[in-house]
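Asks: Following the hints, complete the assembly by docking chain W onto the known chain F.
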Amino acid sequence: AQSVTQPDARVTVSEGASLQLRCKYSYFGTPYLFWYVQYPRQGLQLLLKYYPGDPVVQGVNGFEAEFSKSNSSFHLRKASVHWSDWAVYFCAVIAGTGGYKVVFGSGTRLLVSP
Amino acid sequence: VTLLEQNPRWRLVPRGQAVNLRCILKNSQYPWMSWYQQDLQKQLQWLFTLRSPGDKEVKSLPGADYLATRVTDTELRLQVANMSQGRTLYCTCSADPGQGADNQAPLFGEGTRLSVL
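These protein sequence lines are chains F and W, in that order.
With my numbering as the guide, the letters of the first sequence map in order to residues 9 to 122.
With my numbering as the guide, the letters of the second sequence map in order to residues 3 to 119.
Okay, chain F solo, but in the shape it has when bound (with noise of 0.2 angstroms):
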């Protein structure tokens, strides 16, 4: 079945400092995949996706993140990290066939220190 793994809960990053969230999957044939980010009570922004083609996909506000075939991998990473950028980030996969089914990983909370 089709998961996704997160396996940081929460990362403390120093402001301007450089950023990556471990995202790990499992999906039988090419994934689908996502970054979506929620900031405190809103609802889910797409920061970026990845659709078969370039390994390293850019985002929204600085973010990217590479694709990795061979390491089941969907890492996002930022250079430099904004105060701004505190919230909690999920990885996704698109699970269905026919309709859309989003599965997502348990989410990392990004704590910025000044």
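The set of hints was computed from the structure by calculation and includes no laboratory data.
Hints are supplied without guarantee of correctness; some may be wrong.
To be verified - As a list, the in silico DSBU-like pairs of lysine-lysine whose alpha-carbon atoms are at most 35 angstroms apart:
| id | chain 1 | residue 1 | chain 2 | residue 2 |
| --- | --- | --- | --- | --- |
| 1 | W | 61 | F | 32 |
| 2 | F | 57 | W | 44 |
| 3 | F | 57 | W | 58 |
| 4 | F | 32 | W | 28 |
Unchecked claim - Not close to chain W: a few residues of chain F, all C-beta gaps over 12 angstroms, as computed:
| id | residue |
| --- | --- |
| 5 | 21 |
| 6 | 26 |
| 7 | 72 |
| 8 | 78 |
| 9 | 80 |
| 10 | 120 |
Said to hold, decoys possible - Derived list of chain W stretches under chain F, where covered just means 3 residues or more per stretch with a C-beta under 8 angstroms from a C-beta of chain F:
| id | stretch |
| --- | --- |
| 11 | 56-65 |
| 12 | 106-119 |
Beta carbons: idealized from backbone N, C-alpha and C, even for Gly.
Replies: Just chain W, lined up with the frame of chain F:
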């Protein structure tokens, strides 16, 4: 801009009562609309995906019972009943472009917070 509007945004639910949630898709038509449940620990769980007006599905999970209805091409409803006392959960609506729409990703609403008195 395509939007998913959910209402209400927050509801206190008297114990034993059901609550009805609405999700309206604005400025677009996506074939698939879905409901997700999110707990206080932020864990997201898929509940339903419905395709056609008139489609209905029911599901019982620990802590709540659910009935989803695709009312029109742009409206999805969710009835939540038998919530456990003291429980808080979020219900989030999604609109999905369907297979082949490779330029798009599932869109999510702002969510509805439900708390049982």
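Asks: If we take the beta carbon of residue 21(F), is the closest beta carbon in chain W still more than 12 angstroms away?
Replies: Holds, because the least Cβ-Cβ distance between residue 21(F) and chain W comes to about 19 angstroms, which exceeds 12 angstroms.
Asks: Against chain W, does residue 80(F) keep a CB gap of more than 12 angstroms to every residue?
Replies: Fine: 20 angstroms to the nearest Cβ keeps residue 80(F) off the interface.
Asks: According to the definition I'm using, a residue is off the interface if its beta carbon is farther than 12 angstroms from all beta carbons of the partner; does residue 78(F) meet that for chain W?
Replies: 23 angstroms, holds
Asks: Given the hinted pair residue 32(F) and residue 28(W), is their Cα-Cα distance within 35 angstroms?
Replies: 34 angstroms, holds
Asks: Examine the stretch 106-119 of chain W: at least three residues should have C-beta closer than 8 angstroms to a C-beta of chain F.
Replies: With 7 residues closer than 8 angstroms to chain F, the stretch 106-119 of chain W meets the three-residue bar; holds.
Asks: Check the non-interface label on residue 26(F): least C-beta distance to chain W beyond 12 angstroms or not.
Replies: 24 angstroms, holds
Asks: Going straight from one Cα to the other, do residue 57(F) and residue 44(W) come out at no more than 35 angstroms?
Replies: 21 angstroms, holds
Asks: Given the proposed pairing of residue 57(F) with residue 58(W), does the C-alpha separation stay at or below 35 angstroms?
Replies: 30 angstroms, holds
Asks: Non-interface claim for residue 72(F): all C-beta distances to chain W beyond 12 angstroms?
Replies: Correct as stated: the minimum Cβ-Cβ distance to chain W is 16 angstroms, above 12 angstroms.
Asks: For the stretch 56-65 of chain W, does the count of residues with a C-beta closer than 8 angstroms to a C-beta of chain F reach 3?
Replies: Our answer is that it is violated, as 0 residues pass the Cβ test (under 8 angstroms) against chain F, missing three.
Asks: Starting from residue 61(W), check that the Cα of residue 32(F) is at most 35 angstroms away, please.
Replies: Holds, because 29 angstroms separates the two Cα atoms, which is no more than 35 angstroms.
Asks: Beyond 12 angstroms from every Cβ of chain W: is that where the Cβ of residue 120(F) lies?
Replies: 18 angstroms, holds
Comparing the model with each earlier hint shows a violation of hint 11 alone; every other hint is respected.
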